[in-house]
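Protein chains: 2
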Amino acid sequence: MAFPTQVFTFLFGRPLATSEERAEHIGPLAGIPVFGLDALSSAAYGPEAALTLLIPLGLMGVKYIVPVSAAIVTLLTIVYFSYRQTIEAYPQGGGSYTVATENLGPHAGLLAAAALMIDYTLTAAVGISAGVGALISAVPSLQPHTLMLCLGVLALLTLVNMRGVHDTGVVFMIPTYVFTATLLIVIGVGAWHVVYAAGGQPQPVAPLPAVPAATAAVSLWLLLKVFSSGCTAMTGVEAVSNGVMAFRDPTRKNAKTTLTIIIVLLAILLLGIAVLCRAYHIAATDPGTPGYESVLSMLTRAVLGRGWFYYVTIGSVLVVLALSANTAFADFPRLTRAIAGDDYMPHVFLIRGRRLLYSWGIYVLVALTALLLIVFGGVTDRLIPLFAIGAFMAFTLSQAGMVMHWKRVGNVPRMVMNGVGALATGITTAVVLLTKFVEGAWITALLVAVMILFMRAVKQHYVRVAREIDLDRPIVPAEVQEPIVVLPIDRWSRISEKALSFALSMSTDIRCVHVLTTEESDAFCDTWQELIAEPLRAAGRPVPRLVTLKSPYRYVLQPVVDYVLNVERQTGFRKVCVLVPELVVRHWWEGMLHNRRSDLLKVILLMRGNRRIIVVNIPWYMEEG
Amino acid sequence: MAFPTQVFTFLFGRPLATSEERAEHIGPLAGIPVFGLDALSSAAYGPEAALTLLIPLGLMGVKYIVPVSAAIVTLLTIVYFSYRQTIEAYPQGGGSYTVATENLGPHAGLLAAAALMIDYTLTAAVGISAGVGALISAVPSLQPHTLMLCLGVLALLTLVNMRGVHDTGVVFMIPTYVFTATLLIVIGVGAWHVVYAAGGQPQPVAPLPAVPAATAAVSLWLLLKVFSSGCTAMTGVEAVSNGVMAFRDPTRKNAKTTLTIIIVLLAILLLGIAVLCRAYHIAATDPGTPGYESVLSMLTRAVLGRGWFYYVTIGSVLVVLALSANTAFADFPRLTRAIAGDDYMPHVFLIRGRRLLYSWGIYVLVALTALLLIVFGGVTDRLIPLFAIGAFMAFTLSQAGMVMHWKRVGNVPRMVMNGVGALATGITTAVVLLTKFVEGAWITALLVAVMILFMRAVKQHYVRVAREIDLDRPIVPAEVQEPIVVLPIDRWSRISEKALSFALSMSTDIRCVHVLTTEESDAFCDTWQELIAEPLRAAGRPVPRLVTLKSPYRYVLQPVVDYVLNVERQTGFRKVCVLVPELVVRHWWEGMLHNRRSDLLKVILLMRGNRRIIVVNIPWYMEEG
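Respectively, the protein sequence lines represent chains Z and F. Using the numbering used here, you'd call the opening residue of the first sequence number 1 and step up by one each time. Using the numbering used here, you'd call the opening residue of the second sequence number 1 and step up by one each time.
Just chain Z, same shape as in the assembly (with noise of 0.2 Å):
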């Protein structure tokens, strides 16, 4: 056993003790990476799949990319309003589930919970595949092992979660603001460009892949399609407001503060990409096929060339996007927890691992994201159909939930504030939902249907146990009854004496149950009259009965579970408890030489028994050696 735990304790550190959980207590310039590392990062595949959706207009597509960036960050300051609200209202912490749960009920808080898993698996799921889009863009030669590198990523965050919060909090920092400052450069020093350029088209430094030729006319159906997928870049803008509790004093201003900072960052950098591209040309590439490049990729080597920058920059977009997808790692966990507290969830949910983490929570996560990059071939493009729905469907539930909080305490100002988002973001939800519908929403869709079934199915198992079990009356002291005691023997041994003597300690209502396979008359009834019966009968004590049980089809346990159930059928309230007596050996391989019967009976006894049917281990040792 030692090695393991070795191997355990260098692998995921040693266990911690309940005491050494503490809030974590941040300001503002803590609080932007942890809290805005998922928002920020969006910077890096909404853009690129709002844009890849507008390949098929050519040259006149990358046009449109500023309008609806434009749109994007309309939604983005509505919602960035509404959640300052949040914050003042839960400075406990207002997750979309406590939110919805408390202010519009159970069914409403299902529906956010549902949304909420899915959207932290796609997170994981797209925050690496898109980390990964970025390694390919610098390396091509990578295309062909995708997928492989994605779950490459996976392995990593995954073991160094199961390390716990505490390890991972400081790795945040320094990619974030690297990936902000290196990004805020690029978007400065090409905007220096555009305005000097003749015509505002500036030259690239490097050279860009040739737009392709259109091939569709643009609709507004296409339109609210890029708008659809631009809006990924939205997804983790809530994150503050669920974590308000860990910024210190005065806790909702440097909350506040830490949301107003990332917004307007957010909203830089998505202006900044979408004006950017219109200026340079850049066209997205087509996803998932050998001649592929992120669109950050082409827009840092066409202001500043390929050069160290360009690999600092793209570097710190993989660290940022792998990072990104560890924001599901803490706060899938957190929720499992809240609804297995809730009894929505199994209970296992709800256990802290040795390093104080939910770690079934994580197990699942890893599961789910890893089939979700196996099915969409770890391709960001694939995945983004089926994401923001739930990130939509949890704002619009928060938002709404909001509206109720504001309604009871009576602020009719903050009501409107919150009911704007609440509209501005259903709105949303339903056009995601629309238009994404069969390249993939109807899947997240489905699961979000089938998870709250699956839900309520949970919660009315406990509910049906809680009933059966739960007392709050005191003991009655029954009157105590000699169980009826059963002992299948088949042969005299030391085993069997042991199980013999603690029978006789129990009851003096013993029998002992002997199997005949053969049709020969058995040894053992005489061996049972001579060392058995007659010398108890000799010492003054109660003789136990032997029962003979007939086999013609040499079953063995068998007869022996018919007989205690005809017992129990046949004895009134008296309990009965079955006697098994088992060989234990010292090694695995040794057991491999002795029959399983007694665990089978043990297994068969406890499947067909009843309440009143207890069994009892009766374990026999051998000696090492």
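Read the hints as simulated data drawn from the structure, not as lab findings. What you are looking at is a predicted structure, and each value in this text was computed from that prediction instead of being measured. Careful, some of the hints might be misleading.
It does not matter which identical chain is meant; a pair holds if it fits inside one copy or across any two.
[Claimed, not checked] Pairs of lysine to any residue, SDA-like flavour, derived with a Cα cap of 25 Å: (1) K459 - E623; (2) K602 - V465; (3) K602 - M592; (4) K550 - H347; (5) K459 - L583.
Put chain F on the given structure of chain Z with help from the hints.
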């Protein structure tokens, strides 16, 4: 449960009662197929194995097959007279294992046992692969599917045999007689052609492949190898002496008549095939390659053309070889049963399944045969170097055992006869082992050694267990002493009430163990006082002790196990009863909603416990619906 039971019955037949077993009583007519199948079918691969090694000698090699076959038939005759004497001495059935153990001691017995187990496995593998070889000769397009065909035949044989011996006996008769008759016709017609052909060189009816030019010169070493390979034709001749009991009165005479007929038929087949191959210039073709055709196929074509008779002949060869594999299915489980009866093999081989056969013997045989077929690609020629060694080792040990038997009895002529047999087969064993060592005989030798070591280890274990648990003294009516009862209790519920009631009926020394995983003081202590301790005190009952255990690392089971071990260590001779309350749900999926702590606790207590710790399951069954 109903569905699988019905499927079982359909596939494997209804279960058979022990009383349905009866000895089969047969005469020579039924005895020849039952006991001669294996021996006679060897004619289908023995000569071919020899001819394959003669390929490098070209046309010259075909001539050497006649003297080699003559040597093999001479050896066969010696073995025949030896086994007649075994039948005389062991009318109850004299297998090599029995004869060697009884006359030469347990070491020789183990050697025979190992040799026979390997030989039976190879009988199954070679029978199948040679049968499929015949099929491929007739339908060359099947050649790429050799291995799959072999495994398919194995699966079919397994199914037939899982139905038990009763249903398989009848299948043997017709194919064996068809096989023997068709081959005798081929040999007869062929001999007639040879005698009346010009210069003793008859014209083949269907054209034969050209004999390739010689690429090597003849050497003694090569001829010894050819002899060794040809000796595989002798495998199976011991069958009659193993099964004397199956014959009707006069048992020995019937057995001897049957053996005589089998040996004479086999000798005619071997010599006939050799002479005709020489006369028709039939050389073997390269096995495992697309141009392969079996010797018997070429011979039949040459003598009688490719008409319906050809297909009947090849069909009977296929069926008879597959059925010869069946001999292993009958003999291997009986052998392992005999060895397990002497405690040299796991006792699981003693268990008779629902169809009266030793199921585990069949499972192991099927697994080993499949392994051999897969490793050697289902090509007979690659299996041949492993074969025959086991059989000849067993022959030698059996004859040597008979020498000791006659010496003890004082019958010198018979002793000399068996001595000649032992010498001849012993020399052959050495020749086979030496000439085939590099090609594969080393595998057989190694396996024999490994299996002997395994069987001795098994025996040692059983002896140790028996020494420890065997008991022939009467029970000591021990002082009945109350056990100490330990009951882990997490909260007050109907489940814990049931367990506590049972504990109160068992003992007055009860310790209820409550684990505190958080540092806050627990509400359970108040519940305990109010709902348990007070009412019991009021009723004048002894009040159990409440033990609270702190668990900073949130482990729940560890503190309970430690406490139990501690109690056991501190108290003298009293037994420690651990009560494990357990919620039993009705469906497996409900099981996933509850922790498996009670199962885990039982396993840990079994692993870390000792003879004084007894585990009592207190199941609480959920009500239906």
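Evaluated hints:
1. K459 - E623: This pair counts as between: shortest inter-copy Cα distance 17 Å, intra-copy 48 Å.
2. K602 - V465: both (24 Å within a copy, 23 Å between copies)
3. K602 - M592: both (18 Å within a copy, 20 Å between copies)
4. K550 - H347: Between. Shortest inter-copy distance 22 Å satisfies the 25 Å Cα cut-off; intra-copy 46 Å does not.
5. K459 - L583: between (42 Å within a copy, 17 Å between copies)
Checked against the numbered hints given earlier, the structure satisfies every one of them.
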